[in-house]
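Engineer: Sequence:
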Amino acid sequence: MLSNDKRLGLLNSVALNGKYIDFYSHKKRRFAGNTTDDQTSDSLVMDMKDMIITNYSQLYLSTKFSDIVIKVEDQSMPCHKLVLGSQSDFFDRLFETQMLESTQSEVELKETDPQLFRLLLKLTYCGRIHLQSLDPTDVIKLYGLIQRYQFNGFEAPFLSKIKTFVNTSNVWQLLETSMASHLSDCQTVCHNFLDTICVTDSLLSEDFFELSVETLKTILVRNSLRFSEVDLFLLAKKFIDVNKLDDNTSDELIRCVRLPLMRYEDLLSIVGNSGLVSDKRLMDVMRSKSLIDNMDNTCRELVKNRALFHGL
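Residue numbers for the sequence shown follow UniProt numbering, so the first one is 1 and each next one is one higher.
Read the hints as simulated data drawn from the structure, not as lab findings.
Mixed in with the good hints, there may be bad ones.
[Stated by the list, open to error] When the alpha-carbon atoms are kept at most 27 Å apart in a straight line, the in silico DSS-like pairs for lysine-lysine are as follows:
1. K49 with K64
2. K64 with K110
3. K49 with K161
4. K237 with K289
5. K81 with K122
6. K110 with K81
7. K163 with K217
8. K81 with K71
9. K238 with K280
10. K71 with K49
11. K217 with K244
12. K110 with K49
13. K217 with K280
14. K81 with K64
15. K237 with K217
16. K280 with K237
17. K244 with K280
18. K71 with K122
19. K161 with K122
20. K217 with K122
21. K163 with K122
22. K238 with K161
23. K237 with K161
Please construct the entire structure, taking both the sequences and the accompanying hints into account.
Structural biologist: Below, the structure is given as structure tokens:
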């Protein structure tokens with residue numbers, strides 16, 4: 001019979017291909033032994049990875065050999081310390097240290113979605129899951145569980161998969177969920193996608209108007225968007241009008257737009273007629289713009305004079 005260490009060595013060497021997510025090939029082989037060049041020769045390799053992963057997958061939610069029960073809300077899930085500890089640094093420390101949980105037969109996890117944690121267990125035992133049937137926001141939440149419980153080997157391939165299905169119809173949902181869950185990696189994925197969009201109308205879905213003000217502010221202040229400041233101002237104005245925001249909240253959003261970068265004509269016609277910027281502030285903005293323009297002209301003159309001086 002294989003020892004636990006050898007079982008884990010075989011398990012962690014499994015690489016699943018096809019349309020599923022391959023996680024075991026990314027996991028650090030903490031328990032695998034050293035191999036020599038002779039041992040890796042194709043003629044000497046015993047490839048039994050499919051059988052090994054099949055055997056391990058049969059332990060998913062099975063009471064056979066189970067030595068720990070994970071309780072999430074009202075659901076109890078039989079698990080195996082060996083399997084969880086081999087893939088998760090969180091459970092590795094939990095079961096190996098002198099913490100009270102290491103001697104208990106049941107561990108309760110707080111503030112965890114039971115259905116998503118069950119899916120995470122399936123990923124851990126079987127090495128593959130389908131994402132097609134999941135709501136995009138649940139995919140983000142599942143990534144949050146991967147981070148929280150430190151399944152570190154799963155993070156990179158899972159994040160790569162998230163990048164492939166971000167589109168204009170779900171980006172706002174994904175971004176809002178990422179913000180609420182404080183998942184900076186997922187926020188970056190959404191922000192980078194938004195940087196590729198050239199037309200604001202493609203983003204004006206129902207989900208856009210359901211964003212939180214804080215989430216929209218992270219968009220308006222970005223320097224890498226392909227939208228002009230006029231486009232961003234009009235985007236903010238539509239959001240304000242649809243959500244009927246109060247004056248203070250509206251002002252918070254408008255202050256995220258760099259008004260001095262607009263043309264004078266746009267400041268007078270679009271901004272001035274919007275009712276969102278006072279006449280006093282509009283004059284201050286135009287003075288700031290004048291200073292910026294004068295500085296630009298001065299710099300251009302200095303460059304021109306320097307070129308003439310050097311005979312360029």
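Engineer: Which of the numbered hints are not met once you compare them with the structure shown?
Structural biologist: Hints 10, 12, 20, 22 and 23 contradicted; others consistent.
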